[in-house]
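Asker: So the sequences go chain by chain: A and B. At position 23 of the first sequence the residue is numbered 23 (the numbering used here), and the sequence of numbers has no breaks. Just remember that the numbering used here sits 1000 ahead of the position in the second sequence, which is counted from 1.
Calculated directly from the structure, the hints in this document are not laboratory data. Given the structure is predicted, the values throughout are model-derived calculations rather than measurements. Hints may be right or wrong, so weigh each one.
Stated by the list, open to error - A short, non-exhaustive set of chain A residues, derived as facing chain B with CB atoms under 8 Å:
#, residue
1, Arg74
2, Asp100
3, Ala104
4, Gln106
5, Ala209
6, Glu259
7, Ser263
8, Asp277
9, Lys399
10, Ala402
11, Lys410
What the hints assert, rightly or not - Now the in silico label distances, taken between C-beta atoms and shown as ranges:
#, chain 1, residue 1, chain 2, residue 2, range
12, B, Val1210, A, Asn248, 51 to 59 Å
13, B, Pro1024, A, Asp434, 32 to 40 Å
14, B, Tyr1030, A, Lys118, 40 to 48 Å
15, A, Lys302, B, Lys1136, 44 to 52 Å
16, A, Pro294, B, Val1029, 37 to 45 Å
17, A, Val65, B, Val1115, 18 to 26 Å
For each residue, glycine too, the CB sits at the ideal point set by N, CA and C.
Given next are the chains, with one letter for each unit.
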Amino acid sequence: MRQSLKTLAAATGLAIASLGSAHAGPYDEFAGTTLVVNFPAHPHYNAVMQVLPEFTKETGIEVEVDQLPYLKMRERQTLELGQEDGDYDLIAYVVFSKADYVYADQLENLARYFMNPKLADPSYDSDDLIDGYVYNIGFAGGKKGYLEGKTGSLFGIPFGSETSVLGYRKDIFDKHGLKVPETYDELLETACKIPELEPGMGGLSSRAASGHHASHAFLLHLAPLGGRVFDDAWKPRINDEAGVAAANALKTIVDCGPEGAASYGFGEALGSFLNGDTAMFLDTTVVAGQIDDPSKSQVVGKVGWAMHPMGVRRGSQTGGFGIGIPKNALNKEAAFLLMQWLTSKKGDKLVAMAGGNPSRFSTHADEDVNAKFPHMATFGEALKHADPDWRPIIPVWGKINADIGTTLSKVLTEDLDIQEALDGVAERAEAIMDEAGYYTWQ
Amino acid sequence: MNRMTPYLFMAPAAVIIVITLLYPLGYMVYGSFRDWDPSQTIGETEWVGLRNYIVLYGDPAFRESMWVTLKFAFWVVTVEMILGVGLALLLDRNLRGMSLLRTLFILPMMIAPVVVGLMWRYMYHPTVGTINRWLKEFGFSGVDWLGQHALLSVIIADVWQWTPFIFILSLAALQSLPSSAIEAARMDGATNWQAIWHIKLPLMMPVLIVTCLLRLIDAFKVLEVILVLTEGGPGLSTEILALRISRTATEFRELGTAAAMSGYLMLLLMTLTAAMFIYTKLVERRAQRLARMVAEAE
């Protein structure tokens, strides 16, 4: 009897729902769906976790999160995306994975979702998304194969993206009457002056450990100093004058940095700035939340922010994460709705207020966000110069990146000659590119 | 009873062994002969014969990685064997609190390698690390542990974690030695040192060789501790083969090359294992001879 009553109630509910279906909300069809998403253990995604209940409340779509350390996440995704039926409906991917996943046809082209009137929110305002981030993280198939352009398509949306800014200790700069560096010459001079003025304190803390840390730090200087890893014909030009200048800049920074700086990964470099052992920090915007957090930082209220100094041009980095829908996802449309909601003006602001990295210009200019995070306006300014091409995003990049990082580590720790080191990298990179077919048309 | 009956009884076990042990191994070896990208199933990949092995043979980074692995394995196994056996000889006595001490000794072995890596990474930190702070407290200058002395640092971390493994097996071997042999030696006027050198160690040798072999195999496969501690740097100075294999498979997405590296590693380990088994046989014969002599003396 009880079972019959339940069935009757369910049937009545369905009938009422179908009566109103002409004006059904965009989420109704997917209410009750559980999405499985793969996110990294990262401050931005920790903020996202606080916002997800709001999405479920608004849409009725449940979200189950598999949060992993980001290198582990990449490992897991390598296995997951190759399966016929995947476990993940939505994934966050680190920017350099874009090339691998798109090239292997493992990510959905987002055009068919943005074309679908039942799914695409007309108020989404894609023009408000930060150009440099979208081109760097979301696009593939355009210029150079990995950027925007007439042949390009959108495969992901930046989410947890970051650029580079200069953090500096206002108290130390005021105490010694130092000018905040605006150019690379000023940056290097100030970095080496600080240990003389404040014995025991490093000038600038930078990542420098072997592998992707050293490579990242080098590339951070390469773009503003006028360099690129490859020329337009894919020939390595990393060993030209700009490349040598960037490697010299990194070496100077490490030599004038805190004790043991040559073995610093990102954690140590940031830790050194948070502990007050270093006067400047030139890296990602993602650290701002930790610098302002008294439980993690000894320099709360003492840090000022400035643009990434200029070399021969402005060129702050673009990186971090994007979100995309795997080709083998089981709930692609609901995943798109989550992706759209998270990166909408509302979602972006909610995540920013919870301590995440906004992906929209409007969020950087938002009054509430700026009242809570006064640095956001400077970050918004830096984003106008965000360079989507500061490092190549091609399938063989992992190998070249590792070689740059290990070779530069030898420059920093074993005094390997810079020109000789970069010549070696260029030679090996050319062989890798040749094998991968980049010179087929030459 | 049919002649085939014993084989029928063995068949389920044989099938399980083939599926669980030999199939993945064969898969790896087969993959090492192919140009294999993670987005492809192995059947879709191109057969390249020995190309992956030949390219690796001429790859200086791979050779450096192999050399680092050999150095690392040699030092950790040597130091751990000396310390583990030494500690076992020292603690093989029935004093109060000895069982608590033995339990404490084996604690490091129970900690997850990632945690061990993190713990040592912070202890080695140049400015806030405990080790350099102590050194500075006593008037010494700090050491660039994870820079200039990176290989030594990872060896120390591994020795700290795995010496207890040698200790526990050596202690078990010591406690199972026939007391009559040692008593006989003492009655003949042997000193402690002579009893250790001429009686205990030769009798323990078969166990020690197996222990050494297990550690050696494990040392060639260490990954997490080094990944967390140095990520293989500076340069390639701590990039042992397991780390390079992992990077080649996940970062470079070259599964065929990674499988060929595993093939080289497997060949090396098989050679070492065979050499040690031959040596074990010789030592066992010597131990049996010794045991017979002791029995005859009794």
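Asker: Could you check if Ala402(A) really has its C-beta closer than 8 Å to a C-beta on chain B?
Answerer: Where the cut-off is 8 Å and the nearest Cβ of chain B is about 6 Å from Ala402(A), the hint holds.
Asker: Do the numbers back the hint for Ala209(A), that is, is its least Cβ distance to chain B under 8 Å?
Answerer: holds, 5 Å
Asker: Let me know if the C-beta of Glu259(A) comes in closer than 8 Å to any C-beta of chain B, holds or violated.
Answerer: holds, 4 Å
Asker: Given Asp277(A) as an interface hint, is the shortest Cβ-Cβ distance to chain B below 8 Å?
Answerer: For Asp277(A), the interface hint holds, since the closest Cβ of chain B sits about 6 Å away, which is under 8 Å.
Asker: Between Pro1024(B) and Asp434(A), does the C-beta distance stay in 32 to 40 Å?
Answerer: holds, 34 Å
Asker: Just tell me: holds or violated, for the beta carbon distance of Val1210(B) and Asn248(A) against 51 to 59 Å?
Answerer: holds, 54 Å
Asker: Does the nearest C-beta of chain B fall within a distance shorter than 8 Å of the C-beta of Asp100(A)?
Answerer: holds, 6 Å
Asker: Verify the CB-CB distance for Pro294(A) and Val1029(B) against the hinted window 37 to 45 Å.
Answerer: violated, 56 Å
Asker: Given a cut of 8 Å on the nearest C-beta pair, is the interface hint for Ser263(A) held or broken against chain B?
Answerer: The hint holds - Ser263(A) has a Cβ within 8 Å of chain B, the shortest such distance being about 4 Å.
Asker: Interface hint check: Arg74(A), Cβ to nearest Cβ on chain B, cutoff 8 Å. Holds or violated?
Answerer: Since the shortest Cβ distance to chain B is 6 Å, the answer is holds.
Asker: Assuming the hint says 18 to 26 Å, is it satisfied by the Cβ distance from Val65(A) to Val1115(B) or not?
Answerer: holds, 23 Å
Asker: Please check whether Lys302(A) and Lys1136(B) have a Cβ separation lying inside 44 to 52 Å.
Answerer: At 26 Å between Cβs, range violated.
In this structure, the hints that do not hold are numbers 15 and 16, in rising order.
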